[in-house]
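There are 2 protein chains.
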Amino acid sequence: MLNERAYALGSNRSAIRDLFEYGCARAAVVGRENVFDFSLGNPSIPTPEAVHTAIREVLEQTDPVELHGYTSAVGDLAARQAIADDLRGRYGASVSPGEIFLTCGAAPALVAVFGALTFPGAEILAIAPYFPEYRVFVEGVGARFAEVPPDVPDFQINLEALARCLNEKTAAVIVNSPNNPAGTVYTAETLARLGALLARKSAEYGHPIYIVADEPYRELVYGGAAAPFLPAIYPSTIVCYSYSKSLSLPGERIGYVYVPRAAADGEALYAAVAGAARNAGHVCAPSLWQKVIARCAAVRPNLAAYDRNRRALYGGLTALGYEVAKPDGAFYLFVKAPGGDANAFSEKAKRRDVLVVPGDDFGCPGYVRLCYCVKYETIERSLPLFRALLTD
Amino acid sequence: MLNERAYALGSNRSAIRDLFEYGCARAAVVGRENVFDFSLGNPSIPTPEAVHTAIREVLEQTDPVELHGYTSAVGDLAARQAIADDLRGRYGASVSPGEIFLTCGAAPALVAVFGALTFPGAEILAIAPYFPEYRVFVEGVGARFAEVPPDVPDFQINLEALARCLNEKTAAVIVNSPNNPAGTVYTAETLARLGALLARKSAEYGHPIYIVADEPYRELVYGGAAAPFLPAIYPSTIVCYSYSKSLSLPGERIGYVYVPRAAADGEALYAAVAGAARNAGHVCAPSLWQKVIARCAAVRPNLAAYDRNRRALYGGLTALGYEVAKPDGAFYLFVKAPGGDANAFSEKAKRRDVLVVPGDDFGCPGYVRLCYCVKYETIERSLPLFRALLTD
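Each protein sequence line maps, in turn, to chains A and B.
To convert, note that position 106 of the first sequence is 105 in numbering that gives the first Met the number 0; the numbers rise steadily by one, no gaps.
To convert, note that position 358 of the second sequence is 357 in numbering that gives the first Met the number 0; the numbers rise steadily by one, no gaps.
Calculated directly from the structure, the hints in this document are not laboratory data.
Some hints could be false.
Pairs count within a copy or across copies, as identical chains cannot be separated in the list.
[What the hints assert, rightly or not] With a cut-off of at most 20 Å between alpha-carbon atoms, the simulated SDA-like pairs for lysine to any residue come out as follows:
no.: 1; residue 1: Lys325; residue 2: Gly339
no.: 2; residue 1: Lys347; residue 2: Arg386
no.: 3; residue 1: Lys335; residue 2: Ile15
no.: 4; residue 1: Lys335; residue 2: Arg192
no.: 5; residue 1: Lys374; residue 2: Asp62
no.: 6; residue 1: Lys374; residue 2: Val64
no.: 7; residue 1: Lys168; residue 2: Arg4
no.: 8; residue 1: Lys168; residue 2: Glu3
no.: 9; residue 1: Lys374; residue 2: Leu66
no.: 10; residue 1: Lys374; residue 2: Pro63
no.: 11; residue 1: Lys349; residue 2: Arg386
All chains should be modelled from the sequences, with the hints used to inform the complete structure.
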């Protein structure tokens, strides 16, 4: 007499987690340095020193009852102001603190936004390849999850395919750029065409189709690439953000939702996001971290280590003949599995203690995801193994 | 085309929050010291020094990538071990880390537990007076919320009334002791009778009726009172706990669910709690706070200030002739509204800048809740106003 869906979600573990645990078990046998674990997107650069300085200052300078006390559900004004100022400074957008809602990271932010947008019968679209938890969160709020086929081999957006997926029940399209798992950054041109399509279809259906921009990797871009600011392209965009990747704070659970007042029904939507968050047990984002973000919203990561890894792994694999999507952002490579069967390739790689995640759960069979948040030596030493895997 | 329930939850603010904001506005006019705000249950004693020592040690001694990294969804083993050890030491129960699931506080813990227990058509019972958000969380997971009438004037449990509320759709009964808003502690005798009733009814209906023990106030007991350990009385008890009140960390969002393996379907239930948490956007509890709790699970609050307030306010009000439930725990007094109309009394009190919350939202009209997390002087100076209110 338990909830069947909850039991299934709690007992069917993800392929990524399974691989990670397999790697831990193998490390105990062959040594951590001999496991080439590209499975888990866990930031490997430390949080910037400015963050630790801010923690110390906040602890020294704030009355403890205030420091650790409840904030309002939307979050401390100082943190929301700092985030609004940072967005305004970078993108020239008129962002106000009243459009920001602080959350315990991007996952509950997405749950709140999907919950707010789900009218009876609503569908929410994800563009393959996509982060597998989108399906869990969308179905969890009672919406139908639908997927747009991938744009092979560039992993931009297949707009013709997306247009065919739209219908009068479409509430939103999830846009995740820089993309997990493809590592691609959608171009301004791609996004402008998406915006034009959604504007036309919104008018046709008589209700807004929102973009939900999941942007934990916004700052993780390389070689001059930049992720365009979507609300400037399509006003009915709701941004979900997390400091997990940009400030290497994935365990601390601090992020936000930005609901532009200029979005369709912007004011009501902000209230609905707050209500959906409350429904899911949101009280406030961790208060110490709110005060740190008030001081660090403009701090940027030092990406040198990721960039070096990216170039080494992308260069090494393409030189070996692997087909790899151009990795302009995040910290993933998306690689076409030699032979075409990603699960078979992942199994074969496991036998050489190389851990790569099959793309099936990302809605993109035939590809594997490699996370390059690893030591540089791991990449160097893995390349001969990738060479051997071509003939295994 | 937004979600109607989410919009309603986000735009209909709670009576408590409204009163609190009214108090802030009045403070700007008449001065903070002249507003007698008994509305909000925000701890007023600082977190124990041991907690700040632990934060500093953790920051100094832990590699930042590990310190701020993802933990497993269930939480760091060290924190779960410390919690299990503490429970075992205090209650002699055989608690293991594998029965503990760390959460971002009690609210998402409750959402996860209700989500795990909700079979199609399920009902979950709350015993009046109760914390109003229970209704939000229960209805949010799709269960029916039902309430057991209060046991006036002692605010124990009216077991005859509770028995009449049970039926084959009853999945769980929420037990909140020490109680918000009544400040009462259910006695061992009350709980033993409840356990016997639920055991009999579980057998009759052929499925377990769980107790969900919401225990953020477990340590806040006075004058020799103690909250009995419910899993020892009724094995199918799931405990939701938060460090918000005991360690004065309400904004930091750290708590846990304890699912005894001895509960009916205990192992599957733990998986279902994990799945329901994932469904609501849980990734892990804030990692810094997990590491603090690993060191501070056995730290207890210094309750002297609350106890002094409790005795002054209870003594003062009863001497004036107010009828007040015996306040053995938490930091609330539940007071019968003179004249019987709690809303009228609350409005009348507002005109003297005394803020008390009507009991209607707690399922108990005719009473008002006073939170005594205030300065001692506030209590002393409020008593003449409470005297005047008797003849206003």
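At 20 Å max between alpha carbons, let me know whether Lys325 reaches Gly339 within a copy, between copies, both or neither. within (19 Å within a copy, 72 Å between copies)
Is it within a copy, between copies, both, or neither that the alpha carbon of Lys168 lies no farther than 20 Å from that of Arg4? between (24 Å within a copy, 18 Å between copies)
20 Å Cα threshold - placement of Glu3 relative to Lys168: between (27 Å within a copy, 16 Å between copies)
Up to 20 Å CA-CA - Arg386 versus Lys347, copy category: within (13 Å within a copy, 81 Å between copies)
When no copy is specified for Lys374 and Leu66, does a C-alpha distance of 20 Å or less occur within a copy, between copies, both, or neither? between (37 Å within a copy, 18 Å between copies)
Can you give me the call for Lys374 and Val64, within, between, both or neither, at a CA distance of at most 20 Å? For Lys374 and Val64, only the inter-copy Cα distance (13 Å) is at most 20 Å; the intra-copy one is 41 Å.
Could you figure out if Lys335 and Arg192 sit no more than 20 Å apart (CA to CA) within one copy, between two copies, both or neither? neither (27 Å within a copy, 64 Å between copies)
Identical-chain pair category, Lys349 with Arg386, by Cα at 20 Å: Classified as within; 14 Å inside a copy, 77 Å across copies.
Can you tell me if Lys374 and Asp62 fall within 20 Å by alpha carbon in one copy, between copies, both or neither? between (40 Å within a copy, 15 Å between copies)
Have a look at Lys335 and Ile15 and pick one of within, between, both or neither, based on CA distance no larger than 20 Å. within (18 Å within a copy, 56 Å between copies)
Within, between, both or neither, where Lys374 and Pro63 count as close if Cα-Cα is 20 Å or less: Only across copies: Lys374 and Pro63 sit 16 Å apart there, 39 Å inside one copy, limit 20 Å.
This entry does not satisfy hint 4, going by the numbered hints stated previously; all others are met.
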